[in-house]
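Undergrad: Chains X and D are the protein sequences, given in the same order.
Under my numbering, read the first sequence as residues 1 to 342, first letter to last.
Under my numbering, read the second sequence as residues 1 to 342, first letter to last.
These are computed hints drawn from the structure, not numbers from a lab.
Hints should not be assumed to be uniformly reliable.
Remember, identical chains collapse to one label, so a pair may be satisfied in a single copy or spanning two.
Said to hold, decoys possible - Below, in silico cross-link-like pairs of lysine-lysine (BS3-like), each with a Cα-Cα straight-line distance of 27 Å or less:
1) Lys253 / Lys263
2) Lys191 / Lys121
3) Lys83 / Lys191
4) Lys322 / Lys4
5) Lys4 / Lys330
6) Lys84 / Lys191
7) Lys314 / Lys62
8) Lys314 / Lys191
There are 2 protein chains.
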Amino acid sequence: MSAKVTIALDAMGGDLGATVVVAAALATLERDDTVNLVLVGLPEVLARAQAQAKGNYGTRLKFQPASEVVAMDEPPAEALRHKKDSSMRVALELVKSGEADACVSSGNTGALMATARYVLKTLPGIDRPAIISAVPALRGPTYMLDIGANVGCTAEHLLQFAFMGSVIAGDMLDVERPRVGLLNIGQEDIKGNEVIREAGALLARSGLNYIGFVEGDGIFYADVDVVVSDGLVGNVAIKTMEGLAGLLSSFLKEEFQRNSLRKLQGLAASSALHALRARLDSRRYNGATLVGLNGIVLKSHGSADQVAFETAVKTAIVEARKGAPVQIGKLIEKQSLECIRA
Amino acid sequence: MSAKVTIALDAMGGDLGATVVVAAALATLERDDTVNLVLVGLPEVLARAQAQAKGNYGTRLKFQPASEVVAMDEPPAEALRHKKDSSMRVALELVKSGEADACVSSGNTGALMATARYVLKTLPGIDRPAIISAVPALRGPTYMLDIGANVGCTAEHLLQFAFMGSVIAGDMLDVERPRVGLLNIGQEDIKGNEVIREAGALLARSGLNYIGFVEGDGIFYADVDVVVSDGLVGNVAIKTMEGLAGLLSSFLKEEFQRNSLRKLQGLAASSALHALRARLDSRRYNGATLVGLNGIVLKSHGSADQVAFETAVKTAIVEARKGAPVQIGKLIEKQSLECIRA
Numbered sequence: 001m002s003a004k005v006t007i008a009l010d011a012m013g014g015d016l017g018a019t020v021v022v023a024a025a026l027a028t029l030e031r032d033d034t035v036n037l038v039l040v041g042l043p044e045v046l047a048r049a050q051a052q053a054k055g056n057y058g059t060r061l062k063f064q065p066a067s068e069v070v071a072m073d074e075p076p077a078e079a080l081r082h083k084k085d086s087s088m089r090v091a092l093e094l095v096k097s098g099e100a101d102a103c104v105s106s107g108n109t110g111a112l113m114a115t116a117r118y119v120l121k122t123l124p125g126i127d128r129p130a131i132i133s134a135v136p137a138l139r140g141p142t143y144m145l146d147i148g149a150n151v152g153c154t155a156e157h158l159l160q161f162a163f164m165g166s167v168i169a170g171d172m173l174d175v176e177r178p179r180v181g182l183l184n185i186g187q188e189d190i191k192g193n194e195v196i197r198e199a200g201a202l203l204a205r206s207g208l209n210y211i212g213f214v215e216g217d218g219i220f221y222a223d224v225d226v227v228v229s230d231g232l233v234g235n236v237a238i239k240t241m242e243g244l245a246g247l248l249s250s251f252l253k254e255e256f257q258r259n260s261l262r263k264l265q266g267l268a269a270s271s272a273l274h275a276l277r278a279r280l281d282s283r284r285y286n287g288a289t290l291v292g293l294n295g296i297v298l299k300s301h302g303s304a305d306q307v308a309f310e311t312a313v314k315t316a317i318v319e320a321r322k323g324a325p326v327q328i329g330k331l332i333e334k335q336s337l338e339c340i341r342a
Numbered sequence: 001m002s003a004k005v006t007i008a009l010d011a012m013g014g015d016l017g018a019t020v021v022v023a024a025a026l027a028t029l030e031r032d033d034t035v036n037l038v039l040v041g042l043p044e045v046l047a048r049a050q051a052q053a054k055g056n057y058g059t060r061l062k063f064q065p066a067s068e069v070v071a072m073d074e075p076p077a078e079a080l081r082h083k084k085d086s087s088m089r090v091a092l093e094l095v096k097s098g099e100a101d102a103c104v105s106s107g108n109t110g111a112l113m114a115t116a117r118y119v120l121k122t123l124p125g126i127d128r129p130a131i132i133s134a135v136p137a138l139r140g141p142t143y144m145l146d147i148g149a150n151v152g153c154t155a156e157h158l159l160q161f162a163f164m165g166s167v168i169a170g171d172m173l174d175v176e177r178p179r180v181g182l183l184n185i186g187q188e189d190i191k192g193n194e195v196i197r198e199a200g201a202l203l204a205r206s207g208l209n210y211i212g213f214v215e216g217d218g219i220f221y222a223d224v225d226v227v228v229s230d231g232l233v234g235n236v237a238i239k240t241m242e243g244l245a246g247l248l249s250s251f252l253k254e255e256f257q258r259n260s261l262r263k264l265q266g267l268a269a270s271s272a273l274h275a276l277r278a279r280l281d282s283r284r285y286n287g288a289t290l291v292g293l294n295g296i297v298l299k300s301h302g303s304a305d306q307v308a309f310e311t312a313v314k315t316a317i318v319e320a321r322k323g324a325p326v327q328i329g330k331l332i333e334k335q336s337l338e339c340i341r342a
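If we strip away everything but chain X, and leave its shape as in the complex, we get (with noise of 0.2 Å):
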């Protein structure tokens, strides 16, 4: 039998509002009897919730009224400072208090990012928290970080991103000792610049299963399970992915829709299809870990629906059950970065 966990979900953020993290926190409930859920938000929110519930789930399902929410478009060092009592930030002091093991919100990403580095703190030993998120590859996942929260990494900052990456990948694939690479511009020695360089020989006397330099293509075919990269290299390879993916599927309707004989051949070929859809549906993938702090909080995406929020909402239940963040400092102990770079 799993442990007990508990999740703590801000129904405030995302583009479509509370009504999805309600859906999503009633199916979790109704799937996992080992987690427990709280729902932050603002009062009226809370009590439609309430409603729904209809009293099923008992202590299992706990209501924390917040009074403000932080706009998708606001600046984050105002929400820090002015909006003390939001669904995010409560959500965030749930998890810092230990009355939930994780948070999970849909909202405004560097609002989040600065309000969890104020409340919850960064990890010892850890310069930056990152963001860390699942990609498709060929023989399952590949974790990919930093994904956008710090430009201008240098090769401790790229190293302490490896440990993080190495600890989450191994957690949610089950694996011993994740292959880590380095993402570059090819993969001899020589190539890239001067921080990766350096990061590549530190990440070699590491202690962590260092593979070496992937390429964007190594993604999703090199034997890698966590790619590394500076979050602006990694934020634009990601993005790519989620343009050409879209790219693809608007090319794949026009073809199947493109006249009547086309409709037909998708309607006899709709299994095919449809099991293709799934396979690439961006849902699967949704929720970004922030990494590096003093406890798990998963970065949902703006637009997820209720499977996407559930999906990341599974990912805050794994980590919580490994402690993640806990796990991580042993790692940056054990490894005592200051012994490598001597």
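Since chain X is already given, all that's left is putting chain D on it; use the hints.
TA: The following block gives chain D in isolation, referenced to the frame of chain X:
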């Protein structure tokens, strides 16, 4: 009637050997009688090609022997220093002497760039030549540069790339003022690093049709014709596309071969699937221009087949007709980079 142009083809580059280049050459001569070609290669290869051509094209097809071949994994500096009679070098010399208006090679990219810089020299006002390539997008192709020649660019370099990209995209898309975007981690002015923000400021005053920052997904969706980036970021983006497109194509194949029913579905849907594959066919986008040189040099993918190689030759023909290097020279002079900075 179009003006006659002469293209030199390095018959020795690429993984598939001279057969592909010769077949593409003969197909080009059949298709377009305003094009003359010079095949450059080892004498025995040229003899076979000559036999294959059966004298059909008269003086439209010439043969230029070279005694050496640059290996695909040869260090660029070694190729430059020791292989002064390589097919690649001889093809570039034909461009320099004016005997050819452009050249196309599937050879070693690093060696081609190093040799091209040495033989042709960079254009006045250009510090670093770049590599530009078309990628598929929702409304016609987007041109991306730099996709791998330069790591660690300054804002000034990015500005120069924008001028060069604007000319190439304008020529290929036949538009007056192509829309230019800067690849970045977000669209707001404060996003990215110092270099990208400074490049944005330079571009805003450049006289180019600058539309601002573009994110990874914007390559396919934003109303943009040219996307400018550092070579490391551009290379990661384009290789990520290659990898994801390959992954999706594997998934598609798998789903339509999973069992007999699915195979029947594939047959039933074959015209739509065929059309889809054609739209995604990387051979339609083969051929990256080494831009910023005193001459036109096309790099065809090492694994290019005949169709793909022909695409690269077609690009070379358009750039030769339009005189891309002269246009770039004039644009740089007109905008007088120095003034912009002052």
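Undergrad: Take the hints in turn and mark each one as holding or not.
TA: Against the structure, the hints come out as follows:
Within a single copy, Lys253 and Lys263 get their C-alpha atoms as close as 10 Å, and across copies as close as 20 Å, so both meet the 27 Å cut-off. In this homomeric assembly, Lys191 and Lys121 come within 27 Å of each other (Cα to Cα) only across copies, at 24 Å, whereas the closest approach inside a single copy is 35 Å. Taking the shortest alpha-carbon separations for Lys83 and Lys191, only the inter-copy value of 23 Å comes in at or below 27 Å, while the best intra-copy value is 46 Å. Within a single copy, Lys322 and Lys4 get their C-alpha atoms as close as 12 Å, which meets the 27 Å cut-off; across copies the closest is 69 Å, which misses it.
In the homo-oligomer, the alpha carbons of Lys4 and Lys330 lie at most 27 Å apart inside one protomer (23 Å), although the nearest pairing across protomers, at 70 Å, exceeds that limit. Taking the closest pair of Cα atoms, Lys84 and Lys191 come within 27 Å of each other only across two copies (26 Å); inside a single copy the shortest separation is 46 Å, beyond that limit. In the homo-oligomer, the alpha carbons of Lys314 and Lys62 lie at most 27 Å apart inside one protomer (18 Å), although the nearest pairing across protomers, at 66 Å, exceeds that limit. In this assembly of identical chains, the alpha carbons of Lys314 and Lys191 never lie at most 27 Å apart, being 38 Å within a copy and 31 Å across copies at closest.
Violated hint: 8 only; the structure is consistent with all others.
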